[in-house]
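All chains should be modelled from the sequences, with the hints used to inform the complete structure.
Below, each chain spelled out in residue letters.
Protein chains: 4
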Amino acid sequence: MNYYEEAMGMKEELIHQRRDFHAHPETAWTEFRTTSIIATELEKLGYEVKMGSEVLDDSARMLVPDEKTLKQCAQRAIKEGANPVLVDRMKGGMTGCVGIMHFAKPGKTVALRFDIDSLFVAEDPAPSHRPSALGFQSCHPGLMHACGHDGHATIGLAVARLVAAHKDRMAGTLKICFQPGEEGVVGAKSMVQSGIVDDVDYFISGHIGLGDYNDGSLVCMTKGFLATDKLDAEFSGVPSHAGAEPEKGKNALLAAAQAAISLHTISRHSGGSSRINVGVLEAGTGRNVVPANGLIKFETRGETAEINDFMAKEAKRMCRAAAMLYDVDVKITPRGSATSSNSSREMGEEIYSLVEPLNVYQHVVKEQKVSGSEDCCYFMSRVQEHGGQAVYMLYGTKEAAGHHQSDFDFNEDVLPRTAATIAMLVEHFGNKEE
Amino acid sequence: MNYYEEAMGMKEELIHQRRDFHAHPETAWTEFRTTSIIATELEKLGYEVKMGSEVLDDSARMLVPDEKTLKQCAQRAIKEGANPVLVDRMKGGMTGCVGIMHFAKPGKTVALRFDIDSLFVAEDPAPSHRPSALGFQSCHPGLMHACGHDGHATIGLAVARLVAAHKDRMAGTLKICFQPGEEGVVGAKSMVQSGIVDDVDYFISGHIGLGDYNDGSLVCMTKGFLATDKLDAEFSGVPSHAGAEPEKGKNALLAAAQAAISLHTISRHSGGSSRINVGVLEAGTGRNVVPANGLIKFETRGETAEINDFMAKEAKRMCRAAAMLYDVDVKITPRGSATSSNSSREMGEEIYSLVEPLNVYQHVVKEQKVSGSEDCCYFMSRVQEHGGQAVYMLYGTKEAAGHHQSDFDFNEDVLPRTAATIAMLVEHFGNKEE
Amino acid sequence: MNYYEEAMGMKEELIHQRRDFHAHPETAWTEFRTTSIIATELEKLGYEVKMGSEVLDDSARMLVPDEKTLKQCAQRAIKEGANPVLVDRMKGGMTGCVGIMHFAKPGKTVALRFDIDSLFVAEDPAPSHRPSALGFQSCHPGLMHACGHDGHATIGLAVARLVAAHKDRMAGTLKICFQPGEEGVVGAKSMVQSGIVDDVDYFISGHIGLGDYNDGSLVCMTKGFLATDKLDAEFSGVPSHAGAEPEKGKNALLAAAQAAISLHTISRHSGGSSRINVGVLEAGTGRNVVPANGLIKFETRGETAEINDFMAKEAKRMCRAAAMLYDVDVKITPRGSATSSNSSREMGEEIYSLVEPLNVYQHVVKEQKVSGSEDCCYFMSRVQEHGGQAVYMLYGTKEAAGHHQSDFDFNEDVLPRTAATIAMLVEHFGNKEE
Amino acid sequence: MNYYEEAMGMKEELIHQRRDFHAHPETAWTEFRTTSIIATELEKLGYEVKMGSEVLDDSARMLVPDEKTLKQCAQRAIKEGANPVLVDRMKGGMTGCVGIMHFAKPGKTVALRFDIDSLFVAEDPAPSHRPSALGFQSCHPGLMHACGHDGHATIGLAVARLVAAHKDRMAGTLKICFQPGEEGVVGAKSMVQSGIVDDVDYFISGHIGLGDYNDGSLVCMTKGFLATDKLDAEFSGVPSHAGAEPEKGKNALLAAAQAAISLHTISRHSGGSSRINVGVLEAGTGRNVVPANGLIKFETRGETAEINDFMAKEAKRMCRAAAMLYDVDVKITPRGSATSSNSSREMGEEIYSLVEPLNVYQHVVKEQKVSGSEDCCYFMSRVQEHGGQAVYMLYGTKEAAGHHQSDFDFNEDVLPRTAATIAMLVEHFGNKEE
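Sequences listed follow chains A, B, C and D, in order. As numbered in full-length UniProt numbering, the first sequence has no gaps in its residue numbers, which increase by one up to the final residue, 434. As numbered in full-length UniProt numbering, the second sequence has no gaps in its residue numbers, which increase by one up to the final residue, 434. As numbered in full-length UniProt numbering, the third sequence has no gaps in its residue numbers, which increase by one up to the final residue, 434. As numbered in full-length UniProt numbering, the fourth sequence has no gaps in its residue numbers, which increase by one up to the final residue, 434.
Hints listed in this document are in silico derivations from the structure and should not be mistaken for laboratory results. Bear in mind that the values here come from a model prediction, so they are computed numbers and not experimental data. Treat the hints loosely; a few may be bogus.
Claimed, not checked - Below, computed lysine to aspartate or glutamate pairings styled on DMTMM-like, alpha-carbon distance capped at 25 Å:
(1) C:Lys369 x A:Glu306
(2) C:Lys167 x C:Glu5
(3) D:Lys331 x C:Asp327
(4) A:Lys248 x D:Glu282
(5) D:Lys369 x B:Glu303
(6) D:Lys313 x A:Asp199
(7) D:Lys248 x A:Asp407
(8) B:Lys331 x A:Asp327
(9) C:Lys313 x D:Glu247
(10) B:Lys331 x B:Glu282
(11) A:Lys167 x A:Asp199
Spelled out as structure tokens, the structure:
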């Protein structure tokens, strides 16, 4: 399996690349520097690079920062080495890109997806935390790659390189999608709605860690991602002095509190799992004022898109009814969403039968159930709806701490191993007959 | 004071009359027998008797029983001696009547109001309860004069008799209103809206008992009756099996429960006292069915009509919002209402200065604060709005138990004493100059 | 297959038996006549009959009617032909019985369970309803066999007869449990806790209808019954006049309403399905009284006993907290419970492989998922915990209406067919070697 | 009236003094500089000055800032001219002081009370705001004298000066209390509980503005201050991932929301006005986390101390019950309190009869109803309980904006006029016989 040998030969470079990404984390719609590096490298390797509105439906982007923040981040990226021309192509936070290569041999269209954004987490400065000890910790206060997307971006570029190096073996077309804004599930919908994966036959994505085994394991397919909606409801009423004329007030705090409670009374669904959580409630300004403002931040989830739709529809009506209870106004704003999706069984089993005999992994797991939500499901659903197959894999690796924690880190051995596996799958599925 | 002597001479007759009323209690809009007796007596005394739509605005009647009940009660009344011709004039439950007498001397228009209905209370059969011991207990199971309206009707007829006997002393016009349906405050609005008291200069009503003193006391005016609305809200949803498909149900129980709680969160009012009470909640049919029905019975009150209107408006909107919370329907039905009113100070003080020196009462109290609601306030407000004066008095008497209790009874000495006082006041105010 | 032929030959008798049961429905703990008939027949067939505290743990019985009701039902049963001696053995509503037969050949202990109680449903008198048309409708107003337990009891006796007729073929021991009070899941726990099935190797129960196919189908095993608790919470406070001194009241209506709402906010469980339903809420006596009484009837369910325990524990604490909110008392009373259970796969598959080749059924279904709760799960869990195997089958039959409806009826062909199948299984499993 | 002439002669000094206080606002328990200036001046005038635990009961202080803040504020005060020795006597934020003078002539003990703290309000920098235009705006960012306590402190010192200048006319004893922390009603209770006014015969306090008339008016007594409690309830639960294992969380947000709603359902009180307001609710950290923290800030009020006690007791129990509902902990912390109090009628009428004939004011108003709460009521109640009399007056002045607003300012003519009136009253009441 020369992919693995080749990839092992690139290991130092991959580690260097990952640590550079790690030191320069960028959150959703501000991945200017990250995208600039990726796009530059893809072009160098001979890929056609699509960016901006070619790969993003602007109207489907969620939680986009304000103009001022976008500008500051763009300037920061340039200061840190991003190509100003490319940054300009990402104006308005239209970050992310897709590298495309058509191979000589006719064949299938294969798509890969790597998410590239970081989190709003302040990195642990303790010397016990390897990035801090070795000096590649985040140089952006309050931001951190605490979910391994630095690794994802690195693997994506490594696959691009391996494939380009062996393009004579390949068939069909390869599309490598570098998606912005997976955290908070705000980005995938926008990229998918651009139509970029509408012609895809085989789709592969995945995540570092999360598997039941770690180092040296591969999960060939997952199932169980929950569809989700992230929503804010802002209630606005009328203040009044609580002692002097309470009856003049329109109480937005009580509306928000009632909405929070009512939302948790939405019926269980016989069709499968559902979730509701009001994670934040902020209301009122002073103890002696009938509160005129109230905000709840909540999320619904469902085992299927239908169940999540049921939850979200109930929740929205309840927010409006809670506003009516206290005669206040309410504004409901979407803050993220993901659909549900399961891996295509046939493709997953095929991957298992390909990888298992290689003796590259200590554990090759055919399938694992996951919980939580992933906006990669938009990609998978779209591909499956159009007749293609899609898998979401788990790339086992030993982790220093749980995902989203300030001392998260992972064993970088996962980088070359995963890149080699994916390159091999690109070759395999591109060449598939029928 | 010949009124008092004359009245004392009628005492045995008055007691007999009151006990007959007591034995034949009739609830709101079914006072066929009671009205028949009153109207017959009034005509005998030379009064013009107005009935039915002459003295009732049909559209303002509340909680009218269904046709079948009305018919049964009418037949019961005839069986118990009511005049079928008069009962026919009360068709549809248009009970109550007004006796009018124009006197030779020009003068003021004076109106009196006596309420005549009974309660849905089952009378105490114990021999310790005087009506049961003496055999004049209710012969209508589940109904009882437990609030003294049997006494009110008796006093009203006694006044009619005293006045008629001395019509030469009288001036102006006298209107004696016998009002149906005071319990639940469902009747006064209808009688007032007929216009029957629109030309009244002096208005007198009152209640047996309730004063701080009892036997031998008179309160000349009261203040503090609260305006009130009685409302039902019926929620109707969609049932479903709570285990098999809970999400298909639309939960009317939760809507009703939420309405009950939300109503109690209506803001206090800086303008004065308010009240809210959800007195009854009934919802659901079976433990394992998502409940499709829910009923709340509630009442609002306010120190002023404005405050009560605020309460009722908030409550209605909240009921509709609670329905919206659970996507169910709601029907809100008025079940009674009373406005607020205070006695006219000038008239009350004049009564005090007339009665106090007589040495008829041990205590003559100028004014007392009351709580609760009385639909007599509709009469008082209407008279006051048209430039007249109105008082609500309390006729002190020793009571065997609290009002609305199954062993309620009172010292019948109050009957002749009160009748004499009112007759004297009719003479006085009818003859008032200016 | 002589069991089927023999059973078909008994068909008219079975129909007659079932219709007699149907005409005399008896609800939980009042199955005096039903039990009397069953016990008499079992003795006649040579079974040892255990009754009363031999087969019921009195302390685990739920929703037992009061003494007076029990006496009336016992008298009714005697009037309708029950054996007074047997009725006396059921004193206090200790209904139900178990027939036991030890066979000559050593072998396994096999247990069967048939539930025998009726529902509080008023039977449809319309001629379109076959029982009413043919004159075997319920002669007990408000009670009806609307769930097929008349059929279950009939099948149980038919199996007893078939087995007794062929006791030479049989091995080991047979226990036929006729369980009272399955509706509301109030009876199984009590019978199981008597220890009667603690030594059982193979356990079979099931239900008429409910399968995806009807006439001529058999489901060999089911899975998915939810564990459940049925609970009542009664809140008691202090009444007061809502206008005069509302602050003196302790509001049990608001406590009950709050409990209802709060219960529906219990968290979803990541371990599997859960349910909560407050099916009934009744509170308050009069509109103008701060309500001093409040009752909620609710049920929890869980895919596993652990999940249901979580739900029930949360619910109970919330009821107590809701009482504390309004400073009222609360009494929580269990009204039924069932555990969850799945059929034993090995035994189910064995049944499938036995029945499928017989060509007796049009459809033999290996396994079907069910919802809802069944207190048979207590039997199944107990047997499985003690190392035995257990299945719950579905006996397909065409039904005239949904279960628990007033025009429920079923195709009586199911009676002999099911009896024959079960008799065959008794022979098979009793004779099983190791 | 030489007090008025003398006071007018001091006008420029008073304005200067007030503007110095205005420029250096200090909030509750940090009035180090303000107290230092007052104490220094009082000593200079010959008053005995009591400070620290002589005039404050430490245990009754509420909302005391943390040590660090106290130290920073003390250092700021010293930097701005406070006497370090005096600041040291206020260690721990024991601010405020009382000046006492015993006069030669025997007589009554008269006490005055002036509150000296500022608000957490950021002052309006616009030139349309006079303090900003003239350069005496707050030099402490975020703090402002927006309620006139700079004027109160100035008047207090002016009275001290006028009285000292005429001590030969005076009789008995004068105590001038400079109270810290009136805003949020956190300070009076502590000063009163030190016992400093336990021997007082006549007590006078009041407020700039608030009257129905402004310039040139005086309200001799007020009534209607509501008793109040300010409370925080902090709920703490257990976080968990809302998607992965929601059942592991203990939801403090729902507890806080429920408490907010339940508090508003506390019954109205037939004894008089009450209020409840949850002014602030803050809960939760992230959308997808079951919230483990929840805070509500609320206040109760009552027309009498008894009614407020009823409200506060209900509210505290409800907070604990809401915590129990969701199995979380709660900590309830007092954040301020005031009792209710009305002025002593006899003393108020005496003041009216003294001031009205002077022709110093355009309007002398005998009595005015106020709303809201004032912790001066603790002083008044204590004096009245010990047999003394107490009034709360309103010193009319034209105001630039409502109290507590960032552009609040007042016509400084009120300073000398009020000082003269109070000095005159000190003379009058100290010399009163009997």
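Cross-check of the supplied hints:
1. C:Lys369 x A:Glu306: Answer holds: lysine 369 (chain C) to glutamate 306 (chain A) is near 21 Å, not above 25 Å.
2. C:Lys167 x C:Glu5: Status holds; Cα separation ~17 Å.
3. D:Lys331 x C:Asp327: 19 Å, holds
4. A:Lys248 x D:Glu282: The given pair, whose Cα atoms are some 23 Å apart, holds under the 25 Å limit.
5. D:Lys369 x B:Glu303: With Cα atoms ~19 Å apart, lysine 369 (chain D) and glutamate 303 (chain B) stay inside 25 Å; holds.
6. D:Lys313 x A:Asp199: 68 Å, violated
7. D:Lys248 x A:Asp407: 24 Å, holds
8. B:Lys331 x A:Asp327: 19 Å, holds
9. C:Lys313 x D:Glu247: 12 Å, holds
10. B:Lys331 x B:Glu282: OK: lysine 331 (chain B) and glutamate 282 (chain B) at ~15 Å, within 25 Å.
11. A:Lys167 x A:Asp199: Holds. Lysine 167 (chain A) to aspartate 199 (chain A) sits at ~20 Å (cutoff 25 Å).
When held up to the earlier numbered hints, the structure conflicts with hint 6 and nothing else.
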